[in-house]
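With chain A's structure known, arrange chain B on it following the hints.
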Amino acid sequence: MLSQLNSPPLYLICGLIILFVAIVCVIFLVRAYRAGKKAGMDPAVLKRAIISSATFSVLPSVGILLGVIALSGSLGTPWPWLRLSVIGALHYETQVAEAAAEQVGIGRLSASTMTPEAFVTIALLMSICIMWGMVLSVLFNKSYLKKIRRRGGDEKKSPEKGGFGDMAITAMFTGLVSVYLGSYIGGFVSGRGRFTFGGDFTPILVCLASAAVMSVFTWLSAKKGLKWLEGFSIAGSMLIGMLTAVLF
Amino acid sequence: MEERKAFLARYETNTHRLGRICTTVTLLLLVGAPFLIGRVIGAQPDMMAVLRGYLAVGLVWTVSSVAEFLIYTPMLGAGGGYLAFITGNLINMKIPCAMNARDIAGTKAGTTENDIVSTLSIATSSLVTIGVLALGVLLMVPLQPLLTSPTLSPAFDNVVPALFGAFGYQYFRKNPRLAAFPLALMTVFFVCVPSLASQTSVLILPAGAITIGLAYRMYRKGQKDQKGKSSV
Numbered sequence: 001m002l003s004q005l006n007s008p009p010l011y012l013i014c015g016l017i018i019l020f021v022a023i024v025c026v027i028f029l030v031r032a033y034r035a036g037k038k039a040g041m042d043p044a045v046l047k048r049a050i051i052s053s054a055t056f057s058v059l060p061s062v063g064i065l066l067g068v069i070a071l072s073g074s075l076g077t078p079w080p081w082l083r084l085s086v087i088g089a090l091h092y093e094t095q096v097a098e099a100a101a102e103q104v105g106i107g108r109l110s111a112s113t114m115t116p117e118a119f120v121t122i123a124l125l126m127s128i129c130i131m132w133g134m135v136l137s138v139l140f141n142k143s144y145l146k147k148i149r150r151r152g153g154d155e156k157k158s159p160e161k162g163g164f165g166d167m168a169i170t171a172m173f174t175g176l177v178s179v180y181l182g183s184y185i186g187g188f189v190s191g192r193g194r195f196t197f198g199g200d201f202t203p204i205l206v207c208l209a210s211a212a213v214m215s216v217f218t219w220l221s222a223k224k225g226l227k228w229l230e231g232f233s234i235a236g237s238m239l240i241g242m243l244t245a246v247l248f
Numbered sequence: 001m002e003e004r005k006a007f008l009a010r011y012e013t014n015t016h017r018l019g020r021i022c023t024t025v026t027l028l029l030l031v032g033a034p035f036l037i038g039r040v041i042g043a044q045p046d047m048m049a050v051l052r053g054y055l056a057v058g059l060v061w062t063v064s065s066v067a068e069f070l071i072y073t074p075m076l077g078a079g080g081g082y083l084a085f086i087t088g089n090l091i092n093m094k095i096p097c098a099m100n101a102r103d104i105a106g107t108k109a110g111t112t113e114n115d116i117v118s119t120l121s122i123a124t125s126s127l128v129t130i131g132v133l134a135l136g137v138l139l140m141v142p143l144q145p146l147l148t149s150p151t152l153s154p155a156f157d158n159v160v161p162a163l164f165g166a167f168g169y170q171y172f173r174k175n176p177r178l179a180a181f182p183l184a185l186m187t188v189f190f191v192c193v194p195s196l197a198s199q200t201s202v203l204i205l206p207a208g209a210i211t212i213g214l215a216y217r218m219y220r221k222g223q224k225d226q227k228g229k230s231s232v
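Chain order of the listed sequences is A and B.
Counting from 1, one number per residue, gives the positions in the first sequence under this note's numbering.
Counting from 1, one number per residue, gives the positions in the second sequence under this note's numbering.
Extracted from the complex, chain A is given alone in its bound form:
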């Protein structure tokens, strides 16, 4: 079965869809860059945003590649390659694929029990389960953004100033980060029984190392005038943080 799932036609189908999405990304990238320049934004800042996003994305992408490797044992390589290159999320794909395997009656996700019908059913289920963000975008992105801006009062003010909307986005992200940091602390304190302090300490250690390196980057950028370092600060902090996990 795996040889069928790794056959050239499947690589071709998945590869062409990935190519289409890559072209879409290039179109959006070029349009946005040109629009930024035309709107009077500093090209150096735009370039810094691009470089920072590129360096930042390398390490998480390697993590996502591990997801492809993990799923390729049961679903072949082309399908996980497509899912994780385009729409999927690392935490989501494995969970849904496992659950879908149960529903199609092959028990657990495994190459030995996989049949062609089970595979296409799992593949369709994976596609349907996670397509709703795209559906909502098509239907409501425009009207929702318009409503949010009106509420934030940004349309009434100068575009550069922003209103509470900007503060709300920062607050939302602060809340998001709090959830993850809280989960690491909770995992250590109660991960192996409430208040036993026997859980996994590594995520906390990694967070602290990453935050410490980030503080050095911030200091160098703000106080020493090394602005160009901003583009590498998140990627550099993550790398040292992840290395800490290996060393301890």
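Just so you know, these hints were derived from the structure itself, not from any lab.
Take every hint as true, because none was put in to throw you off.
Facing chain A, from chain B, some residues (calculated, C-beta under 10 angstroms): (1) N14; (2) C22; (3) L30; (4) D46; (5) L83; (6) P96; (7) C97; (8) T129; (9) G168; (10) L183; (11) F189; (12) P194; (13) L205; (14) Y216.
When the alpha-carbon atoms are kept at most 25 angstroms apart in a straight line, the in silico DSS-like pairs for lysine-lysine are as follows: (15) A:K37 x B:K5; (16) B:K229 x B:K174; (17) A:K142 x A:K38; (18) A:K38 x B:K5; (19) A:K227 x A:K37; (20) B:K5 x A:K47; (21) A:K37 x A:K47; (22) A:K142 x B:K5; (23) B:K5 x A:K146; (24) B:K174 x A:K223; (25) A:K47 x A:K223; (26) A:K147 x B:K5; (27) B:K174 x A:K227; (28) B:K174 x A:K224.
Cβ atoms here follow ideal geometry from the backbone N, Cα and C, with glycine treated the same way.
Then chain B, alone, in the frame of chain A:
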């Protein structure tokens, strides 16, 4: 100035048009792919199993998708929003990436300039992921033992903590008073109900709402203080 405003408005309208077209085509390709693959390998999806599976696992993800759309669209703006939902990996990559680019460019949420930066960021990030994965698939045989080695596995198990450690420093330092309460509250939640650890994404919406509520109080207080000062 008027010309610039008109240009940005036109850019935004066209972004929505392009975003809708590209998202619809991608959606059709992704849903159509299993049927096309089915023709190649000689089987078609069992639609009853799909329905059963959707009711069993899909509904949870549908709710999660609605929450993701409501939370992340304002953060990403028009172009970034369409692209992020096409390319996925929002929490662990696209959102932090866009927020980082926004900090670097110093743009404000809700402005077209912010949309531009967020689009640049997400498009670049997606292209890097597509490139890394394509290279990884090409070099799967020699890379697999290295990437899955027990020595390196702790590093890749901790990508997200490394990411949020760096962001935690950046955001908490900006406004420690705002960050202290949600962090303390979430810590208490996870300490008292450790099983919540498997449902972190469910808590993002309430944590975000609480933090926005706190931020709004601070914002109103700041406005009142300013008014008081100006009247004196």
